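Visitor: Below, each chain spelled out in residue letters.
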Amino acid sequence: MIEKADQIFVLLGHWLVSFLPAALQKPALVLLAVVAIIVTFPALFAITVLLERKGLGRMQNRYGPNRVGPYGLFQPVADGIKSLTKEDIVPLSADAVVHFLAPVLLVVVVFMGYAVLPIGRNMTLVNLDAGILFFFAIGASSELSVFMAGWSSRNKYSLLGAMRAVAQMISYEVPLLMSSLAVVMITGSLNANRIVDAQNQYTYGLPHWYIFTPWGFAGFLLFAVAATAETNRSPFDLPEGESELVAGYFTEYSGFKFALFFLGEYVGMMGISGLGTTLFLGGYSAPLQVLGFVPSWAWFIGKIMLSMCVFIWVRGTLPRLRQDQLMNFAWKFVLPLSLLNLFVAAAWRFMGQGFLRWVVCSAVLLIAYVVMARVGMKREHFGPRSYRYAE
Amino acid sequence: MLGEGILKGLGETARNFAGSFVSKERLTTIQYPEERAEPIEATRDFPFLVYDGNDWEAGLRCVACQICEKECPPKCIYIVKSTDKKPDALGKPQIYPTRFDIDISVCMSCQICVEVCPFEAIKMDTEFELSTTDRFGGLLYDRAQLARSNEYYHSIHPTEAAEVDARLAEEKVKADAKAKAAAAAAAAKAAAAAKPAVAAAVPASSEEPATKKPEAETQK
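For the record, the sequence lines run as chains A and B. The numbering used here numbers the first residue of the first sequence as 1 and each following residue consecutively. The numbering used here numbers the first residue of the second sequence as 1 and each following residue consecutively.
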């Protein structure tokens, strides 16, 4: 019974394609899985948007949307209808083709990332050996679409936003890769399923997730920071900083194209949350052995939604960074720490099973954190500002 | 240490998040159509015309002096003077506005018309639910729509209306005294004409214009 619930979607898929001739079964199964992903994650996106609007409201002691349907539950539907029926404006001097392609590319690219994520046991669309590499390669293409949007709009705010976005995404891509590299090193595989399997073991009922090791914990935090920046999420949402750039690279987008950008952004966030889950939080495995009866896909979706809630929480808390702070943080703090984390992970691997490696690895990372925070993130004091006025 | 402030901030937002479900005082939102805020006496939005008595057309205090029309910064008032005179609420013959239109889509609620009006004829209303589907005609209010009784004025701005009434009563007393004095002077003159030996030594009552000081009632 538990096995059935765990594999319900796999069994359902096989049952559905069993009506087709044998030659068509395999492509149909793939198609079915693709459709399932394309339906599930936008649905989760709608829930996330509602959660975000209500949650941010509560953090600011407001109600949030509560008019459409009971408790405002149909707000995403209303938003969707609104953006679908709105006029789609393309600026006269914009490059119409690129302007159209940018949101489409973003959404396509973002959904392609899900191809390698193990959503549940036996529920990976493409079990690539270089799955993590594929995810990062595809994820990097979202920069292209952002720049296409900014460039083709022919608007100074769009272009500035796109420039910022590219600078930021390239800067944070490096620590993002470096922090996940530690996991790849320890597991010895780029295959997402094997990474999950390596974590899907229990000692005294407790899981072997990588986040419960010193290097994994540090790596997860670095990954979370880099992922937040990579998805242009607050407090790293400079590319769309509305106080200075109207809406950044999608200033000139309206109607459904804007909705596509919005969708792409959130689905991308969920994708990167899914990757973080796979790498550090044990993917689809249960947090306690006794909870193993809950279907694996439910754990994966639950972990994604939990990380979305953290994204929302962080957004409700932190103010936006300045551009120089953003760059300093990436190159002077996150990158060196993630490089060090690689060495720590290597040390962990070769220090045997004892208690010693916990002490050494934790101490090295902790000391590095404190020192780098003191030295690298030291505030420069320029003294009081002086003004010179025209005489 | 780096990150301490972030944790503190996260704690603060978490407290707010949880607190908004627990304590009602945190949520200051008034859910408008169902709930309403307590009316504030000093609220003002668009002007209206005050009338005395029961008939708005007869009791309109406005004498079409057009000061408000001239002073209105966005020029949203349009007045047409009457050619004839007709007795106002006090029975004195006055010019009256045959047309008094305010385009409330233009009005910026500055209250200058109220401040300059020497006759206490135009005051600020508190009615704000004025939305209409007709964007031109529906927002152009004519005399009939603008006229409100003095009782209504008392109901929305009690303190201010009481002050205005006191001032008007004072002015009325003065005007009565002046009229009486003038009548007495005329009578004396007539008497003097009859008896020229008696010098026309009746002192004229102190000349005081019937205008009020506009700043007195606008200060809040």
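Treat the hints as calculated values from the structure; they're not laboratory data. There could be a bad hint or two in this list.
What the hints assert, rightly or not - No more than 30 angstroms apart at the CA atoms, straight line, and that leaves these computed lysine-lysine pairs for DSS-like: (1) A:Lys-378 to B:Lys-24; (2) B:Lys-174 to B:Lys-81; (3) B:Lys-81 to A:Lys-332; (4) A:Lys-378 to A:Lys-332.
As the list claims (entries may be wrong) - Residues of chain A placed beyond 10 angstroms of chain B at every Cβ, according to the derived structure: (5) Met-59; (6) Asn-61; (7) Tyr-63; (8) Val-370.
Because the structure is a prediction, the values reported are computed rather than measured. No residue lacks a Cβ here, since even glycine has one placed at the ideal position from N, Cα and C.
Visitor: For A:Met-59, is the shortest beta carbon distance to chain B beyond 10 angstroms?
Guide: violated (5 angstroms)
Visitor: Compute the least Cβ-Cβ separation between A:Val-370 and chain B, then decide whether it is above 10 angstroms.
Guide: violated (7 angstroms)
Visitor: In terms of Cβ atoms, is chain B entirely out of 10 angstroms range of A:Tyr-63?
Guide: With a cut-off of 10 angstroms, A:Tyr-63 comes too close to chain B, as the shortest Cβ separation is near 6 angstroms.
Visitor: Decide if the proposed pair is consistent with the structure: A:Lys-378 and A:Lys-332, CA atoms, cutoff 30 angstroms inclusive.
Guide: Cα-Cα ~11 angstroms, so holds.
Visitor: Please verify whether B:Lys-81 and A:Lys-332 have alpha carbons no more than 30 angstroms apart.
Guide: violated (77 angstroms)
Visitor: Taking 30 angstroms as the top limit, are the C-alpha atoms of B:Lys-174 and B:Lys-81 close enough?
Guide: holds (27 angstroms)
Visitor: Would the non-interface assignment of A:Asn-61 survive a Cβ cutoff of 10 angstroms against chain B?
Guide: Nearest chain B Cβ is 5 angstroms from A:Asn-61, so the label is violated.
Visitor: Taken at face value, is the distance from the CA of B:Lys-24 to the CA of A:Lys-378 at most 30 angstroms?
Guide: violated (42 angstroms)
When the structure is compared with the earlier hints, violations turn up for hints 1, 3, 5, 6, 7 and 8 and for no others.
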